[in-house]
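Starting from the structure of chain A, add chain B where the hints point.
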Amino acid sequence: MFSNWTISRRLIAGFGLAGLTLLLIALISYRNADNLIENDGWVEHTQRVRTALADFLSQVKDGETGQRGYLITGTDEYLAPYQAALATIGATLDELRSLTSDNPRQQKRLAAIAAATDTKLAELKETIDLRRSQGFDAATKMVTTDRGKVTMDKIRALVAEADQEEADLLKQRGDEARASANSTMAIILWGGLAGSIAVGLIAWFIIATLSRQIGSAVAMVQSSSSELQTTANQQATGAKEQATATAEISTTINELLATSRQIAESAQRVAQNAEQTAGAARAGIGTVDLTHESITGIRRQVDQIVAHMLELGRKSQEIGGVLDIVLELAEQTNILAINATIEAAGAGESGKRFAVVADEIRKLADRVGGSAKQIRALIDDVRSAVNTTVMATETGSKAVDAGTRQFADVAAGFKQISGLVQTTTEAAREIELSTKQQSSAVEQVNVAIGSVAQASTEMETSVRQTLQTVSQLAALSTDLLRIIQPHMAI
Amino acid sequence: MSGTAISARAAELREAFDRSFAAPPRPDEGAAEDLLAIRIGGDPYAVRLSEIAGVHTDRKIVRVPGAPAALLGIAGFRGAIVPVYGTRDLLGDPGPAGRWLMLAAAAPIALSFELFEHHLRVPAGAVKPQEAGGERRFVRELVRTHSFVRPILHLAAIVAAVTPRPATASREER
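Taken in order, these protein sequences are the chains called A and B. According to the working numbering, the first sequence is numbered sequentially starting from 753. According to the working numbering, the second sequence is numbered sequentially starting from 270.
One chain only, chain A, in its complex shape:
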């Protein structure tokens, strides 16, 4: 039932129980003391009532004493007690009424006493007046009627009753006071004893349970401190490694930052180069267009050259035809000369001169034939050259066509290059911008890493403080265990 109670609850319950016991004892004692004090007050009150009753009776007696002295002596000086009694008796009666206002019987008695007193005082006055007016005898005669004595006896009896009543009350209140005092003593004695026992039991219970629980808690604290110490050591090592790693990361980020800046500069240069390349590509497109026009002109020239060459070939062929006729003529001339030589030889001596002419003609024909063959060879060379030139020109024309197409491709390529270079420029600018943003981000990361490094250092310091605190905690738990359970202390 109590195992789940907290220490404060147990302490509150234990000390509360002890406090309640003490409070109960105190209350009872207070009440008894109060009763005693009240009883004492009542005793004093009763004493005052009895004193007042005695004073009243004495004052009545003083009145009677003054009356008798005056009656005897007739001297007014003896009336002093009577006068004094007349002055105080009423007040005394009032005091008695006041003191016994809580007692109806006494009030009733006091009423009777007052009536008797009035009667007595009237008798005294009457006798005194008789003495003064009629002399001693008349007064003695009045006295001897015993009326005064009876009244006095009645007063005495009533006062005695009242005093007895008060004496009874005094006795009753004394008994009550003693009983209350005894009760108070018993309560103080037994209550203190019981309270001490209860406090002792509660203290023992609290100490026992608290020692056990605090001991186990301290043991757990020790164990936890040990684990915490290990963890703190690991954290310290980890924090140190983290600080080292953070420093390395910071270095790497610095290098990355430098690299990013270099990339940004390179991208800027690439953008500039790309712009220059774009300009060069545009100039190249213009040059290609001009070259295309030149090639078109070359193509027209080549076509004209081909036409001229074909014409030249045709003319050469015609020359060849004419030359064939020349060759044939030379051949025929040669044949005729040879035959003339033969005929001249047959003509004997007369034909010798003819033979000479025929021989000269033959030689000339030989030369003409040789020259014609050379010219023929030349013509053939010219035709071959023309054919070669035509073929070469046609090849050139085809090459020009191909060149034209290739130049168109080149122009398209230049335009594509220009477009690509434009794209490259934009990409390089985007790269530059992105790299600058990246550099900014990397700088922020660097700052953050710096904060992390500082945090790591602070964490390391904190962990060291934690370690120190844990050591102190372990020592404290050992001390605490030693304090609460010396036999369990290490």
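Don't read these hints as lab results, they were simulated from the structure. All residues carry an ideal CB built from backbone N, CA and C; glycine is no exception. There could be a bad hint or two in this list.
[As the list claims (entries may be wrong)] No more than 30 Å apart at the CA atoms, straight line, and that leaves these computed lysine-lysine pairs for DSSO-like:
hint: 1; chain 1: A; residue 1: LYS860; chain 2: A; residue 2: LYS906
hint: 2; chain 1: A; residue 1: LYS860; chain 2: A; residue 2: LYS813
hint: 3; chain 1: A; residue 1: LYS877; chain 2: A; residue 2: LYS901
hint: 4; chain 1: A; residue 1: LYS1115; chain 2: B; residue 2: LYS329
hint: 5; chain 1: A; residue 1: LYS1104; chain 2: B; residue 2: LYS397
hint: 6; chain 1: A; residue 1: LYS1067; chain 2: A; residue 2: LYS1125
hint: 7; chain 1: A; residue 1: LYS1150; chain 2: A; residue 2: LYS1067
hint: 8; chain 1: A; residue 1: LYS860; chain 2: A; residue 2: LYS901
hint: 9; chain 1: A; residue 1: LYS1125; chain 2: B; residue 2: LYS329
hint: 10; chain 1: A; residue 1: LYS1115; chain 2: B; residue 2: LYS397
hint: 11; chain 1: A; residue 1: LYS1115; chain 2: A; residue 2: LYS1104
hint: 12; chain 1: A; residue 1: LYS893; chain 2: A; residue 2: LYS877
[What the hints assert, rightly or not] Example chain A residues on the side facing chain B (calculated, C-beta under 8 Å, incomplete):
hint: 13; residue: ILE1090
hint: 14; residue: ARG1114
hint: 15; residue: ILE1127
For chain B alone, coordinates are given in the frame of chain A:
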């Protein structure tokens, strides 16, 4: 050769032609052999001008039925019908006949050959008899020219070979 060179060549020819008529008659140059340089089957040969009665080209040759392989046909020369023989066939190297024809002086026979190269006038000492062991058919002599040695066709032997002989002679030959 440029046009200037051709003009110079023409002028040279013209001058030589004129000079030939302007020069006085030359004394006899001594013993000299007039030959014709020809090609038969691509091989160089020479023929004595004295054994030829004439040179012609591109004559129409009419084939003769049943004629031997060497007899190409017959052709007309100045009103005479002359048999035409292929020299190449006669030399034992059959092949297409040439467009050139030469008339033998010894008999009315025409021999075809493929190419007339030029006229050849050599001193008599340039003609040598054919050495033993290098004998060819219808060749008995050789003529040395600038570049090489040409065998000289012996037309008399060719004429003798293709001309029908008397019966006795034929029998002796058999």
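Evaluated hints:
1. A/LYS860 to A/LYS906: 14 Å, holds
2. A/LYS860 to A/LYS813: 22 Å, holds
3. A/LYS877 to A/LYS901: Since the Cα atoms of A/LYS877 and A/LYS901 sit roughly 14 Å apart, the hinted pair holds (cutoff 30 Å).
4. A/LYS1115 to B/LYS329: The hint holds at about 28 Å.
5. A/LYS1104 to B/LYS397: Within the cut-off at roughly 26 Å; holds.
6. A/LYS1067 to A/LYS1125: 18 Å, holds
7. A/LYS1150 to A/LYS1067: 25 Å, holds
8. A/LYS860 to A/LYS901: Judged against 30 Å, a Cα distance of about 22 Å means the pair holds.
9. A/LYS1125 to B/LYS329: 26 Å, holds
10. A/LYS1115 to B/LYS397: 26 Å, holds
11. A/LYS1115 to A/LYS1104: 16 Å, holds
12. A/LYS893 to A/LYS877: 14 Å, holds
13. ILE1090: Holds - the Cβ of A/ILE1090 comes within 8 Å of chain B, reaching about 5 Å at its closest.
14. ARG1114: Result: holds, 6 Å to nearest chain B Cβ.
15. ILE1127: This hint holds: A/ILE1127 lies near chain B, its Cβ roughly 6 Å from the closest one there, short of 8 Å.
Checked against the numbered hints above, the structure violates none of them.
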